[in-house]
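Chains as they are written, first to last, in the working numbering: chain A, 1 to 170; chain B, 1001 to 1503; chain C, 2001 to 2341.
Here are some of the chain C residues that sit facing chain A, going by a computed Cβ distance under 10 Å:
{"#": "1", "residue": "ILE2077"}
{"#": "2", "residue": "VAL2117"}
{"#": "3", "residue": "THR2128"}
{"#": "4", "residue": "TRP2140"}
{"#": "5", "residue": "LEU2148"}
{"#": "6", "residue": "MET2158"}
{"#": "7", "residue": "LEU2179"}
Derived by calculation from the structure, the hints in this document are not laboratory data.
Computed from a predicted model, the values in this text were never measured in an experiment.
The beta carbon of each residue, even a glycine, is placed where N, CA and C say it ideally should be.
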Amino acid sequence: MTFETILFYVLALAGIVSALLVITRRNPMHAALFLIVNFVALAGIYLTLHAQFVAITQVLVYAGAIMVLVLFVIMLLNLQNEQDLFEKRSWRSYSGPILSLLLLALLLRTVAFVSGGSFDRISPESERIGTVANIGQQLFTAFVFPFEMASLLLLAAMVGAVILAKKRFP
Amino acid sequence: MPDIIFQSTKHFWPEITLALTFIAAMIFEFATKKRTTGTGILVLLGLAAALVQLPSAPSEPVSIFGGMYAIDPFSTFFKYVIIVTGMVVVLFSFQSQELKKESGHTGEYYCFIAAVTFGMVLMTGSSNLVMIYLSIELVSITSYILAGFSKSLRRSSEAALKYVIFGALSSGIMLYGMSLIFGLTGTLDLSGIRTALASGHAVTTGWSFAALMAAIVLMLAGFGYKVSVVPFHFWTPDVYEGAPITITAFLAVASKAAVFAVMIRFFYVAFFDNMLASTGVYSSFRNVDWSMILAVLSVLTMTLGNFVAIWQDNLKRMLAYSSIAHAGYMLMGVVVMSNFGLSAIMLYFVMYFFMNLGAFYVVMVIADKIGSENIDDYRGFGKRAPIISVGLSIFLISLTGLPPTAGFVGKLFLFSSVMASQFIWLAIVGVLNSVVSLYYYARVLKNMYLREAPDGDESPIVFSKVTSAVVILFIIPNILLCFFYQPVLTFAQRSIAILLPGL
Amino acid sequence: MDVLDIAIALIKIVVMFVVVLLTVAELVYTERKISAWIQNRVGPNRVGWLGLLQPYADVVKLLLKEDIVPAAANRFIHTLAPVISIGVAFSTLAVIPIAGPTITLFGRTVHMVIADVNVGILYVLALTSMGVYGLTLSGWASNNKYSLLGGLRSAAQMISYELSMGLSLIGVIMITGSLQLTDIVHHQHGWMWNLVLQPVGFITFLVASFAETNRAPFDLPEAEPELVGGYHTEYSSFKFALFFLAEYANMITSSAVITTLYLGGWQVPYLETFGLSDGWMVLVQILAFMLKVAFLLFFFQWVRWSVPRFRYDQLMNLGWKVMLPLAIANIVLTGALLLFL
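Taking the hints into account, I'd like the entire structure generated from these sequences.
Below, the structure written as structure tokens:
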């Protein structure tokens, strides 16, 4: 057991437990908080995979910005516990877990396919791929076209958000 | 890499023009800050500028930006449909009373038409999963905003909200599909996916096969949502009813064209083997029987669309269900996946453009006059507004697919392409559906010509000369194309060349 | 990574922790002294020589008070919130380099930074963005309308100013070509501090730092006249002390980050011409670093007692309509200069 392996298992456990708590807590605030824990645990796992940039972005964007807005909305709406959602036990409440398990199987198969069936080692390539320098390089060479299109998309979304949010027209 | 980018831009000028139009219109609107139609005219000019550059597109398929984007006759055809629709919608919007009354920001409205046109054009050529996702999102997000543009109308805001919720869900589902495909093939490039599948690098047995199937179904959900194929159609009636009519028309024609283009490219490039191209019918890799899934979806879509349309009292809503049904018809062309089927879809889009835009235009001008889209309020219209009524009748007959209208030719070619590929039962279902659709279209005609106005009011409703002229302009192609469809057909047949790797 | 490495890392952490804690204590004292000086009063002068031991008396007082949690509060989150605040404030310091050369300790080369992460700047930003949870959650968990308003304000304020903060940093990154804080400091050799190269970026970053630390004139989350105490209205005893501690620790962290990014970090111009040994260099550089931080801390307090608080809409206008465009203009300008010079 190397230090990294122990770290991985701790983070993985934290991630799984927090993810389960997200979907079982009835208090929306608690669920949101466990989602943050989940994001941070995921960021830690990215770090063990040498993907520093993705890890930091995960914390910065998801845990730091988006979840603040989620909390903001929960606070403003003053949601009560979602009791009534849990009282109905229809086929829907059983199909969810089954579908999730199926998806898990598919994902495992897909990952196994890419990694050639071995889960126990980190590709030596990862040290090179995950760096900020390499991501920047890719973004401005091979993916420069999608990058520019994404900026146009964000521009349109931004203007649209302002228009929709404006109360009265002048 | 910079060389590739600079070389690529020379094929990319129509798109660049559209993007510049969007930005220029926004700056213009910001600088003048007047509720004038100046921005609209600017956008119109920009769209026209993009349109005149289309004929100089290379006649052979070209891949640009390192395989991210494809320029080929197939996408150019759809670009024509989309840009012309955009121009027509801008012209309609100049006349729309609803936009003037219910929303102040008409300048931004035109900016967004430029943006959404740009997104749709981008969709037609996207040949990489990242680009497909980005262009679909660009179209979706701008459409959400446009659907909610009549902000003082409650139904418009409701439409936008419903659109956003369904849209976000479906794009999430599609991303799941894309990630599975990426995992199975190790590439985001459509031609790369094709190579991976063809070389057998991606094992297509057992769990991998299941994963691939799941991925395709998830992708289909994303595409199906955008063209309102049946299990994913729930947003369509509400959004079409709530959005400004001009936008409804735009969504019904251009948005569908763009998604059909990208969907056909996705299936054709990634999953179909071109070895059998000599017979004009393509076979999919490793007996993945997509055509059966698509056929079932197509039948469900047209049947539900047509049967639910019978019960509608609001003409806009009825046209929404009719457009669902039409998506089902057009899906038949994808089912057969042959050269014949593809050219039939393209021909159908031209016909659909004329009949649908005409119908929506009439609904718009009538709603502006009498403030209602209810079919019962159309009673006695045949006497009170003859030109408009004749126009609407022809458009509806064309939508049904009866001769002597453009819709007849469109349906004829679609159904015969299906028959040619031994899907006879599918063609029969299509014909039966057309019969059903006659019932609800005829109900509008009955109200207009055979019923008296409720209060015996027979005073003529006067429409402006421009309105009548526009209606007549739309009637002419609807009739003419029934007899002189040959040039369009030839053009469509010449435009089926899709960019494939190693060709 | 053996026991000795871990021990050295632990020593670094403990030293940093103790120094910051002591500084926080004395910061409370200087704050009171400076405010007294600005307002022409005497300030604390009874406990110890010149009142220097006053903060310790305050701490004892706070610790001896009763810890009150409102009956309807969410106990767990109510306790968690101050912990988040303080934890974030301290962990940011881990990536700040305080001296250039290495020294040798027990036969090991020791770098004068706890963790030299190669995405250092992003690490700082990420932790700053986590800091908002402390205030927001305390506001929500207290189940008090004033607290909630304070919490909501802090969330809105921090998200708004984080943007201009991140964008003003990009100028520095463009000049340096690295996200590593040690590289950034090395790059500011001699007088080529980023303050000189990036004056606009420095101003936007400084203002954003004030907003991120919730210091006046951006202390809207606790605005006493309108919100009683804002997010910490319902806190008492040790938890209140933690919030207090966090505010000052955040000031120190921000000052250290500003020093590192814009004031040349530990750089002392012309120091290498004296031909000092590495040990002395380290000492001088640490002193220089601390002096720069001390000056910024004084500046923070100076501003607090001189400038009135913003109104909420003014705050948002400043953030979105002034700071953000300025930060973006700075990026464009920097890019143009780098391209053409």
